[in-house]
Amino acid sequence: MAKDLKDTLQLPRTEFPMRANLVQREPARLAWWEKSDLYGAIQRNRAEQPAFVLHDGPPFTNGDVHIGTALNKTLKDITLRYKNLRGFRTPFVPGWDCHGLPIEQKVARELQAKGETVSTSGLRARCDAFSEGWIERQKTQFKRLGVLADWAHEYKTKAPEFEADIVRTFAAFVERGLVYRSKKPVYWSIPFETALAEAEIEYRDHVSPAIWVRFPVAADVAQARGLPADKPLSVVIWTTTPWTLPANLAIAVHPEVAYVVADLGAERIVVAEALLASVLAAAKSEAPAHVVATVNGRDLEHLAARHPFIDRPSPIVLADYVTTDSGTGAVHTAPGHGSEDHLTGLRYGLPAYCPVGDDGRYVNDGQVPADFVGLSTLETVEDLAAKRTSPANIAVLKRLAETQTLFARQRYVHSYPHCWRSKTPIIFRAVDQWFVSLDGRDGTASSPSPRAVALHALPEVRWIPSWGENRIRGAVEARPDWCISRQRSWGVPIVAFYDTQRTPYLDAGVVRAVAAKIAERGSNFWYDAPASEILSGVPLPAGWPPASELTAGRDTLDVWIDSGSSHAAVLRRSQGNTQWPADLYLEGSDQHRGWFQSSLWTSVIAYGAAPYKAVLTHGFIVGEDGKKISKSGQYEKPPTSDNFIAQYGADVIRLWIASQNFTEDITLSEKILNNAAEAYRLFRNTFRYQLSNLCDFDASRDAIPFAHLDALDRWALHQLFTLERECVQAYEAYEFHRVYQLCNQFCAVTLSAVYHDILKDRLYTLGTAHPLRRSSQTAIHHLFHTLVRILAPILSLTADEAWCHAHFNQDLPSAEGLVGKDPRLASIHLQDWPSLPAEWNQPSLDADMVRLFDIRRRVNESIEPLRAAGKLGKSLDAAIQLTTRDADSLTLLTAHRDLLPELFIVSQVEVTSATSAEGGVAVGVRHAQELGHHRCPRCWRWVPQLCSTPHGEICPRCSEAL
RNA sequence: GGGGGCGUAGCUCAACGGUAGAGCAGCGGGCUUAUACCCCGUCACGCUAGAUAAGCGGCCGGUUGUGGGUUCGAGUCCCACCGCCCCCA
1 MAKDLKDTLQ
11 LPRTEFPMRA
21 NLVQREPARL
31 AWWEKSDLYG
41 AIQRNRAEQP
51 AFVLHDGPPF
61 TNGDVHIGTA
71 LNKTLKDITL
81 RYKNLRGFRT
91 PFVPGWDCHG
101 LPIEQKVARE
111 LQAKGETVST
121 SGLRARCDAF
131 SEGWIERQKT
141 QFKRLGVLAD
151 WAHEYKTKAP
161 EFEADIVRTF
171 AAFVERGLVY
181 RSKKPVYWSI
191 PFETALAEAE
201 IEYRDHVSPA
211 IWVRFPVAAD
221 VAQARGLPAD
231 KPLSVVIWTT
241 TPWTLPANLA
251 IAVHPEVAYV
261 VADLGAERIV
271 VAEALLASVL
281 AAAKSEAPAH
291 VVATVNGRDL
301 EHLAARHPFI
311 DRPSPIVLAD
321 YVTTDSGTGA
331 VHTAPGHGSE
341 DHLTGLRYGL
351 PAYCPVGDDG
361 RYVNDGQVPA
371 DFVGLSTLET
381 VEDLAAKRTS
391 PANIAVLKRL
401 AETQTLFARQ
411 RYVHSYPHCW
421 RSKTPIIFRA
431 VDQWFVSLDG
441 RDGTASSPSP
451 RAVALHALPE
461 VRWIPSWGEN
471 RIRGAVEARP
481 DWCISRQRSW
491 GVPIVAFYDT
501 QRTPYLDAGV
511 VRAVAAKIAE
521 RGSNFWYDAP
531 ASEILSGVPL
541 PAGWPPASEL
551 TAGRDTLDVW
561 IDSGSSHAAV
571 LRRSQGNTQW
581 PADLYLEGSD
591 QHRGWFQSSL
601 WTSVIAYGAA
611 PYKAVLTHGF
621 IVGEDGKKIS
631 KSGQYEKPPT
641 SDNFIAQYGA
651 DVIRLWIASQ
661 NFTEDITLSE
671 KILNNAAEAY
681 RLFRNTFRYQ
691 LSNLCDFDAS
701 RDAIPFAHLD
711 ALDRWALHQL
721 FTLERECVQA
731 YEAYEFHRVY
741 QLCNQFCAVT
751 LSAVYHDILK
761 DRLYTLGTAH
771 PLRRSSQTAI
781 HHLFHTLVRI
791 LAPILSLTAD
801 EAWCHAHFNQ
811 DLPSAEGLVG
821 KDPRLASIHL
831 QDWPSLPAEW
841 NQPSLDADMV
851 RLFDIRRRVN
861 ESIEPLRAAG
871 KLGKSLDAAI
881 QLTTRDADSL
891 TLLTAHRDLL
901 PELFIVSQVE
911 VTSATSAEGG
921 VAVGVRHAQE
931 LGHHRCPRCW
941 RWVPQLCSTP
951 HGEICPRCSE
961 AL
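FYI, the numbering for the first sequence is 1 to 962, going by my numbering.
Think of the hints as simulated: they come from the structure by calculation, not from any bench. Being a predicted model, the structure only gives us computed values, none of them experimental. Just so you know, even glycine gets a beta-carbon here, dropped at the ideal spot from N, CA and C. Be aware that one or more of the hints could be misleading.
With a straight-line Cα cutoff of 25 angstroms, these simulated BS3-like cross-link-like pairs (lysine-lysine) come out [said to hold, decoys possible]:
no., residue 1, residue 2
1, Lys-106, Lys-423
2, Lys-760, Lys-874
3, Lys-184, Lys-423
4, Lys-760, Lys-871
5, Lys-143, Lys-35
6, Lys-114, Lys-398
7, Lys-627, Lys-6
8, Lys-387, Lys-398
9, Lys-628, Lys-671
10, Lys-184, Lys-143
11, Lys-231, Lys-284
12, Lys-871, Lys-143
13, Lys-139, Lys-637
14, Lys-637, Lys-627
15, Lys-398, Lys-284
16, Lys-671, Lys-627
17, Lys-6, Lys-874
18, Lys-423, Lys-387
19, Lys-671, Lys-637
20, Lys-821, Lys-35
21, Lys-637, Lys-106
22, Lys-114, Lys-35
Here are the in silico distance ranges between beta carbons for each label pair [said to hold, decoys possible]:
no., residue 1, residue 2, range
23, Gly-177, Asn-296, 38 to 48 angstroms
24, Asp-886, Arg-19, 27 to 37 angstroms
25, Pro-351, Ser-532, 33 to 43 angstroms
26, Pro-459, Asn-364, 33 to 43 angstroms
Work the whole structure out from these sequences, hints included.
If you want it as structure tokens, here you go:
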């Protein structure tokens, strides 16, 4: 009979499964999105609406999608899905950054391992294929995350049309007169006669001659500085690269370090006070030394010492990087052979003098001693095998000995950079590079400099969070001129030509003409064709030699110009219906110095304004210990997007992302992901409860107008009204974690613990079409349709799944299901954001309910001891007595008298006023049985009297329902 | 070393310069009509009390990484330190 009665209840029914099985089931929905071209449908749906353009920052194409990259793309997806629901047209063209050293290096190493040698264009072809392979893999991985984009029309920086726009960015630099040529030291491989990047350096032990060298100070110079001049005086430097001495232009000392003039008997030397002992030890000096003067480094500035064997001065300069850890505290400075030296040289107006040619041998420049010319500066493979130092070192040592400027020497073993391919030591060598002046060049004084325009543009942009503006401002202000040339192969060529004397020829018109050819033929053509072909049909500017005498340059552009040109190549060309400037750039905070900045420079130079209206940044993922995820070591598998999805499914990962305040460090741990999974289940079950209780509800037929709804249901809609308003605020501020918190608490407290729980009695036991039941179903209907939209940007797959169940009673819309219906029904993502009627705002009702829920809480507290004592099981077994002398409370309780048993989920509530009672409301609890009541086997409530029906003894209300 | 941030319960997040709060997890129960679901209680110091009772303490216990400062009043503003993240050197 119990079974019989149970069948008379309106129990919830739905095919929406409780268990998500996301890992297994998500791919089907993703496949359906793709098959049905959901992205295209969404774009068509909003074709006439104002656009919100988020411009995608391109990930690099050399590996699987990392969880950090997944975070970035998911935040973009959440943003765009929200904007779409709000009615904006949201084109999203994903991009990939394809050129660059990491790929070139990886490919080159693979080739080397296989013993293959290929031409430049052959290497480029391999790089192209390598990059393309990762694009496809990453695309699959991004799709698996649920990211919706124009995947069929992505942008790639290696595409010919894109490359052409990169070249045109360069043309804009040239047009503005900003491009100039200057020397800069780079790592240089002698055997390969090529520049190397940091990543191509291997550190190996190397035996160098460490030498202490006297730089004589003339007597009159010393005297002018108040230094004793009656004996030979010299500044002693220490170096492990004797071959760089011909390029010495200065001696650096630290301004705050104390230096001494030490008398050694026959001579006096200047070294740092702290290093005097070690210097003497190196020279094995037996003679007693005594200090005759002490002076601060700062006071030595501009003191003109002499080069030990070349007739020129070597002035003393100041530099903060000088230490007293080793050496003499006086640092040999050759701006053409060291990065720090170069910067120091710039401060003192010293040239990046480098008398070493591409082949690593001294050139004949009239300054290098004639017998040095042609000597190799560093060891060849043969030299290394024979364990002998380089010819240049030998020559320098010999010359120092001859000029009696060698103070001491030692054999010195240290870690030294080597070329990864030839295994020979590398040299630091200044070579000509292309620079972009950020402060304007000759002839452009009338127009503001790029830096001025950039700084002017910053306040026009909305920076989220706001400190982003300060950060990029610092970077923009401090940035030196932009070195845009790289001696690489896998990149976009710098369209410059050279005559037989290596004189460069550069012209914006020529650059643009070549760009047009690259757009058609790809940039490989630059490497395969002779200059005459590259320039055929291109009118040469006056003063250029004939094309037959020119060769095309081999430098490539800094890859930051590649990605920094994306706004021109994509937005300016309205690719995928985008537009310039973008409404939003959204990347990690490291991009303040990267893409945000490179895009800003290219844009202000070419178009005079920033390419974005707003820039949103997120932090980086760290482990439980607060250390960055790669160093955290808490995961055995690599932290790729796929590895996490394989364990949790995309929607749990998306929920985790949404739950975090992403402007700060984002913590990732198993515990936190399990939290997200727990919250996911809460949302899923909330949808399930709602769907299952709407199984017999047709809004068009059964819905009840708001004014006629039961008070509890109106209250629920009031709560929903508030939730929606707050969620919109949170979304607009990009505070997705607030949306998460709000929805989580709404579902856990307002719905699950209160509203949904109270409703069970009504929904299950009343007659199908009972007004009270329909009233609650009306509210549930609104709750579902609002909540599913609020959560759709975050739980994109699950919200869509719930949506389909609401409309088709199955996972995915069927063809038949859609016949005769609006095709927009096919997906939640084709819906509009709900606009909730203002009448749902019921503050006074809410105030009443707040007080009633407070009493409810106290009722629950009062029931608990009886439960613990085993006197009571479910709350429906309880009969409650509320006693108050407080007129307000009495009015409140009386007004909602009928609602109280439902509200408390008890069988009876008696309200009495008592003059003797304390203030407030006193709660009394009894088992309903004590009142002589009987339990209705159908609805489980205890009532004074059961009545006989064909279904047995049940309560009058149930009898009526049947 | 320089620049930009962050630090509140085990976790995720709140809190106009004005009483430090939620959810989750944990712990203890209950239900079996959302059932691998759901409900109730408890849970950021200490003390006292207690079984159909809860209170007390506030200058002298604690309270937002630590220590100072400004203020009638500081999680919030300022300074220093510690730890961590991003960028640069």
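Evaluation of the provided hints:
At most 25 angstroms may separate the alpha-carbon atoms for a hinted pair to count; Lys-106 and Lys-423 meet this at roughly 17 angstroms. Among the hinted pairs, Lys-760 with Lys-874 is consistent with the structure: their alpha-carbon atoms are about 14 angstroms apart, no more than 25 angstroms. Note on Lys-184 and Lys-423: the hinted pairing holds, with a Cα-Cα distance of about 24 angstroms set against a maximum of 25 angstroms. Proposed proximity of Lys-760 and Lys-871 is supported: the alpha carbons are some 24 angstroms apart, at most 25 angstroms.
Annotation: proposed proximity of Lys-143 to Lys-35 holds, straight-line Cα distance about 13 angstroms (limit 25 angstroms). A hinted pair counts as satisfied when its Cα atoms are at most 25 angstroms apart, and Lys-114 with Lys-398 does not qualify at roughly 44 angstroms. For the hint linking Lys-627 to Lys-6, the alpha-carbon distance of about 56 angstroms lies beyond 25 angstroms, and the restraint is violated. In summary, the hint linking Lys-387 to Lys-398 is supported, as the alpha carbons are separated by about 18 angstroms, within the 25 angstroms threshold.
The suggested pairing of Lys-628 with Lys-671 holds, with an alpha-carbon distance near 17 angstroms, which does not exceed 25 angstroms. For the proposed pair Lys-184 and Lys-143, the alpha carbon gap of about 44 angstroms is over 25 angstroms, so the pair is violated. Taken as a hint, the Lys-231 and Lys-284 pair is honoured in the structure, with Cα atoms around 21 angstroms apart against an allowance of 25 angstroms. Proposed proximity of Lys-871 and Lys-143 is contradicted: the alpha carbons are some 56 angstroms apart, above 25 angstroms.
Restraint check: the Cα-Cα separation between Lys-139 and Lys-637 comes to about 21 angstroms, which is no more than 25 angstroms; the hinted pair holds. Note on Lys-637 and Lys-627: the hinted pairing holds, with a Cα-Cα distance of about 17 angstroms set against a maximum of 25 angstroms. Note on Lys-398 and Lys-284: the hinted pairing holds, with a Cα-Cα distance of about 20 angstroms set against a maximum of 25 angstroms. Restraint check for Lys-671 and Lys-627: satisfied, since their Cα atoms lie roughly 16 angstroms apart, inside the 25 angstroms limit.
For the proposed pair Lys-6 and Lys-874, the alpha carbon gap of about 18 angstroms is at most 25 angstroms, so the pair holds. Of the pairs offered as hints, the one joining Lys-423 and Lys-387 holds, with about 14 angstroms between alpha carbons and a cut-off of 25 angstroms not exceeded. Taking the CA atoms of Lys-671 and Lys-637, the gap is near 17 angstroms; set against the 25 angstroms cutoff, the hint holds. About 20 angstroms separates the Cα atoms of Lys-821 and Lys-35, which keeps this hinted pair within 25 angstroms; it holds.
For a cut-off of 25 angstroms, the pair hint linking Lys-637 to Lys-106 stands: about 22 angstroms separates their Cα positions. With a C-alpha separation of about 42 angstroms, the suggested pair Lys-114 and Lys-35 falls outside the 25 angstroms cut-off, and the hint is violated. At roughly 44 angstroms, the beta-carbon separation of Gly-177 and Asn-296 lies within the given 38 to 48 angstroms, and the hint holds. A beta carbon spacing of about 48 angstroms between Asp-886 and Arg-19 contradicts the range 27 to 37 angstroms that was offered as a hint.
Taken as a hint, the range 33 to 43 angstroms holds for the pair Pro-351 and Ser-532, whose Cβ atoms sit roughly 35 angstroms apart. Distance hint for Pro-459 and Asn-364: a CB-CB separation of about 55 angstroms, inconsistent with the stated range 33 to 43 angstroms.
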